[in-house]
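*Asks:* Sequence order for the protein chains is A and B.
Start counting the first sequence at 1; every next residue gets the next number (the UniProt record's numbering).
Start counting the second sequence at 1; every next residue gets the next number (the UniProt record's numbering).
Each hint should be verified, as a subset may be incorrect.
[Stated by the list, open to error] Quick list of in silico lysine-lysine cross-link-like pairs, DSS-like style, CA-CA up to 27 Å:
1. B:Lys40 x A:Lys40
2. A:Lys185 x A:Lys40
3. B:Lys40 x A:Lys69
4. B:Lys40 x B:Lys59
5. B:Lys209 x A:Lys209
6. A:Lys209 x B:Lys194
[Said to hold, decoys possible] Covered stretches of chain A (chain B as the covering partner; in silico rule of three or more C-beta atoms under 8 Å from a C-beta of chain B):
7. 164-176
8. 180-190
9. 201-209
What the hints contain is simulated information worked out from the structure, not anything from laboratory work.
Ideal Cβ positions, reconstructed from N, Cα and C, are used throughout, including at glycine.
2 protein chains.
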Amino acid sequence: MPANLPTVTSSPSAATGAKRGRPGYDQQSVLRVAVDVFNKHGYEATSMGILAETLGISKSAIYHHVPSKEELLRLALEEALGGLETVLTLDGATSGAADARLEYVLRGTIAVLVERLPFVTLLLRLRGNTAMEREALARRRAFDRTITALVSAAQQDGTLRTDIAPGTVTRLLFGTINSIVEWYKPGGPLTSQKLADDVISMAFAGLRK
Amino acid sequence: MPANLPTVTSSPSAATGAKRGRPGYDQQSVLRVAVDVFNKHGYEATSMGILAETLGISKSAIYHHVPSKEELLRLALEEALGGLETVLTLDGATSGAADARLEYVLRGTIAVLVERLPFVTLLLRLRGNTAMEREALARRRAFDRTITALVSAAQQDGTLRTDIAPGTVTRLLFGTINSIVEWYKPGGPLTSQKLADDVISMAFAGLRK
Numbered sequence: 001m002p003a004n005l006p007t008v009t010s011s012p013s014a015a016t017g018a019k020r021g022r023p024g025y026d027q028q029s030v031l032r033v034a035v036d037v038f039n040k041h042g043y044e045a046t047s048m049g050i051l052a053e054t055l056g057i058s059k060s061a062i063y064h065h066v067p068s069k070e071e072l073l074r075l076a077l078e079e080a081l082g083g084l085e086t087v088l089t090l091d092g093a094t095s096g097a098a099d100a101r102l103e104y105v106l107r108g109t110i111a112v113l114v115e116r117l118p119f120v121t122l123l124l125r126l127r128g129n130t131a132m133e134r135e136a137l138a139r140r141r142a143f144d145r146t147i148t149a150l151v152s153a154a155q156q157d158g159t160l161r162t163d164i165a166p167g168t169v170t171r172l173l174f175g176t177i178n179s180i181v182e183w184y185k186p187g188g189p190l191t192s193q194k195l196a197d198d199v200i201s202m203a204f205a206g207l208r209k
Numbered sequence: 001m002p003a004n005l006p007t008v009t010s011s012p013s014a015a016t017g018a019k020r021g022r023p024g025y026d027q028q029s030v031l032r033v034a035v036d037v038f039n040k041h042g043y044e045a046t047s048m049g050i051l052a053e054t055l056g057i058s059k060s061a062i063y064h065h066v067p068s069k070e071e072l073l074r075l076a077l078e079e080a081l082g083g084l085e086t087v088l089t090l091d092g093a094t095s096g097a098a099d100a101r102l103e104y105v106l107r108g109t110i111a112v113l114v115e116r117l118p119f120v121t122l123l124l125r126l127r128g129n130t131a132m133e134r135e136a137l138a139r140r141r142a143f144d145r146t147i148t149a150l151v152s153a154a155q156q157d158g159t160l161r162t163d164i165a166p167g168t169v170t171r172l173l174f175g176t177i178n179s180i181v182e183w184y185k186p187g188g189p190l191t192s193q194k195l196a197d198d199v200i201s202m203a204f205a206g207l208r209k
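Generate the whole structure from the sequences, applying the supplied hints.
*Replies:* Put into structure tokens, the structure is as follows:
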């Protein structure tokens, strides 16, 4: 299993923790492993039994940390959506010219995506099969609408081209940004700062010299 | 099932076709329905039994049209990859300035994507679980390398900005283009021609006025 397992004391002498989940795991580390497994096999195809096996603990030990698989999904989606929604509340997103606010929000989105890569990956792969998934997708759409409103405002200000519909601009921008989860390797030669610069340069100024 | 079923004579008097698949289906229409089901439920999760049920014919009737589920996948991927690879062989892709060839190939890619939407969707969702899937992904990577070479040539010609690595440009361009399968509705108000214009305008000239 290539899931990113946290370092876990597997010594059988660590008996004190046996009743309350194995030492080395807390809710956050269980969540992190669960999200990797969800991303690899799909949320629906992953049972609590598979999670327990991957974690090397019993199902009841998982239930010590979280009441259900659904709660793991809820926590994971909150990491992604909460991070993205926070960007919209920051000064750079709420004051200044519309085009500068748009750039600020896009840079913030890329930062959240890179910092919370597995969580955002899970969010982007949701198909809306349950009420919770549909609620998450509705929050994602609300986020997108905020971007579309910023694009529209910047077009009215005369700073952005007006021949592309604001909704199309948003879809193309998020097509570019969301695809980053499919190929970006944090810690590699391309820093998240340069990645954000590249996305903003291509989107705002274009590839042509 | 919201799969795009072809019009099928369901009259029980249509007995002549019973032995050789039901009238109204040929290999191409079986393939089309199969690809919709693969895209909805995942290739691996789809059995020949599920396909037969969706088509309203027996499994043996499917086997009259195709020898295996794997062959359906192979045919579907050929529709997508064959279409994309053909673009690279056309005059506009092989002669002229590198930036013009790049634009030509990107427009051709968008056209194939829109015309063969379910097939390209299937290709883009592959995870490389079988030898055939890995072979398809290798052909996709070869296609991407051709684009990277064109970007690199255009940078050397001085027509494209040089501060973004050619490989990153390709990833961002295909992030934008591939995401079209997630939201584009053929036959809607946004024509495929205008969509291609919008993608090319944003990527080459940028959003800023």
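*Asks:* Work down the list of hints and note, for each, if the structure agrees.
*Replies:* Comparing the hints with the structure gives:
1. B:Lys40 x A:Lys40: Between lysine 40 (chain B) and lysine 40 (chain A) the Cα gap is close to 18 Å, so the pair holds against 27 Å.
2. A:Lys185 x A:Lys40: At roughly 16 Å apart (the allowed maximum being 27 Å), lysine 40 (chain A) and lysine 185 (chain A) satisfy the hint.
3. B:Lys40 x A:Lys69: Distance ~23 Å between lysine 40 (chain B) and lysine 69 (chain A) Cα, so the pair holds.
4. B:Lys40 x B:Lys59: OK: lysine 40 (chain B) and lysine 59 (chain B) at ~20 Å, within 27 Å.
5. B:Lys209 x A:Lys209: Answer holds: lysine 209 (chain B) to lysine 209 (chain A) is near 15 Å, not above 27 Å.
6. A:Lys209 x B:Lys194: OK: lysine 209 (chain A) and lysine 194 (chain B) at ~23 Å, within 27 Å.
7. 164-176: Holds, because 9 residues of the region 164-176 of chain A bring their Cβ atoms closer than 8 Å to Cβ atoms of chain B.
8. 180-190: Satisfied; 4 residues make the cut.
9. 201-209: Holds, because 9 residues of the region 201-209 of chain A bring their Cβ atoms closer than 8 Å to Cβ atoms of chain B.
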